[in-house]
Amino acid sequence: MTTLYFTEDHEWIAVDGDVGTVGITDHAQAQLGDVVFVEVPEAGRDLNRGDEAAVVESVKAASEVYAPVSGTVTEGNAALAETPAMVNTDPLGEGWFFRLTLADPSELDGLMDQAAYDAHVAGLD
Amino acid sequence: MADADMDPTPETPLTTPLDALHRALGARMVPFAGYAMPVQYPAGVLAEHTHTRARASLFDVSHMGQVRLSGSDPAGALERLVCGAMVGLNPGRQRYTLLTNDDGGILDDLMVANTGDGLFLVVNAARKAADIAHLRAGLPDVAITVLEDRALLALQGPAAAAALARGAPAVSAMRFMDARAVSLLDIPCFVTRSGYTGEDGFEISVPAAEAERLARWLLDQPEVAPAGLGARDSLRLEAGLCLYGSDINTTTTPVEADLAWTIGKARREGGGFPGAEVILAQLRDGASRRRVGLRPEGRAPARAHTEIRDAGGAVVGEVTSGGFGPTVGGPVAMGYVPTALAAPDTPLTLTVRGKALPARVAALPFTPPRQHRG
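Residue numbers (the UniProt record's numbering), protein chains in the order written: chain A, 1 to 125; chain B, 1 to 374.
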């Protein structure tokens, strides 16, 4: 069973057991505009919560993607190197950035659920 | 996720006469040079860029300064402040030139058109106030009128002429850098066949009160779609054109900036402009560095302020503009390198997020120029 969590910085993490898949939200991709380059972390990299884990660049600007929780990267989404626009077309699906093994699942308690995130985004307008 | 280059929010941004239209079209508005400007419309920067190269796009550039110079000899007077030849500029023609300082640095880049009864200048938004003060101080013999009540629209792309000619057939006969008074929808406009995208196109100075009516008519033409500052930036970068404050500023000379072509023969021989000593010496002896195009290998864009290193790893310069070129289909950049490293294909590296990204010097422009030279 997969549970979806969100950060205030517009990352999502889908957690199943101690495996998390990380990406950026639909709101984030819409704000960025056309994504032209993505750099994802390599397998084996240890991340602390809040570390700069990946880079996403639109035509206009570069942005960092932070690790929502601590863990060890098991896989970066290699397909994004060739098709970065998947971040725009399917941000919560094929546009995922990386997977990691959670170091401390209790860190998830500090993240938002869908309803809380939706309210967070609504409050930004 | 966090944005790396957000503009700081100013107090209350100024608005252009097309502000309501931008919002009605769903533009994302951002602060730029003190104005609220559309960075993109719902189509997005990539689509707007591509549409400009394929068809025609309408840009609001009303934030730029429009200034009229008149008097007994405005061209002769203006030559005291710019390095270009203004005296030889015929009525109905426009020229790109540079305001320079005593060190040979660039105070602004601007367009100057001869209207027959004076000169019409278009200056950068961010430099507008400084330029006007500089003109007033340096040209006491010239009447200087800031045209606050006019908007400026840029219609750019290979279909721009066909679209605009439906409203004013006379524009078909204009060549690149022609400038003339044109009636559009019975609105008295001043039109130049120019722009800053590398494409054929026009800039249209229009009374502010009529700007939205004209803009809506242009957008009703089947070729035309709106485009924002995001596309304007990627288009001018691919066209190898300088952005003031990034690629040129008071620390760069026209020779270093590879803009020596703007210095006419008479000015090379006669001098008589600020910084002429420095600039003419560089023309004669060469400058130590030059603005060049850069093509990073791979897909990662190298943004402004990225370090440029030579093959041995020594820092030799900095990227001044960089990003993704939608028409090129990959990253493109410009920056300054020592003249010895300025030849096309010279291998360099760009330090992007701590990693050495291989790149090569590339000839400018990155995309073929398509202005209508007639």
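Simulated from the structure, these hints should not be mistaken for lab results. C-beta atoms are modelled at their ideal positions from N, C-alpha and C, and glycine is treated no differently. You may find that some hints are simply not true.
[Unchecked claim] Pair ranges (Cβ atoms, derived):
no. : chain 1 : residue 1 : chain 2 : residue 2 : range
1   : B       : A24       : A       : L108      : 56 to 66 Å
2   : B       : A24       : A       : E8        : 51 to 61 Å
3   : A       : E52       : B       : G34       : 46 to 56 Å
[Said to hold, decoys possible] Partial list, derived from the structure: chain A residues whose beta carbon lies under 10 Å from chain B:
no. : residue
4   : A43
5   : R49
6   : D51
7   : A61
8   : P84
9   : Y117
10  : D118
11  : H120
12  : V121
Now the hints, each set against the structure:
no. : hint                        : verdict
1   : A24/B to L108/A: 56 to 66 Å : violated, 43 Å
2   : A24/B to E8/A: 51 to 61 Å   : violated, 32 Å
3   : E52/A to G34/B: 46 to 56 Å  : violated, 32 Å
4   : A43                         : violated, 18 Å
5   : R49                         : violated, 14 Å
6   : D51                         : violated, 13 Å
7   : A61                         : holds, 5 Å
8   : P84                         : holds, 8 Å
9   : Y117                        : violated, 13 Å
10  : D118                        : violated, 17 Å
11  : H120                        : violated, 13 Å
12  : V121                        : violated, 13 Å
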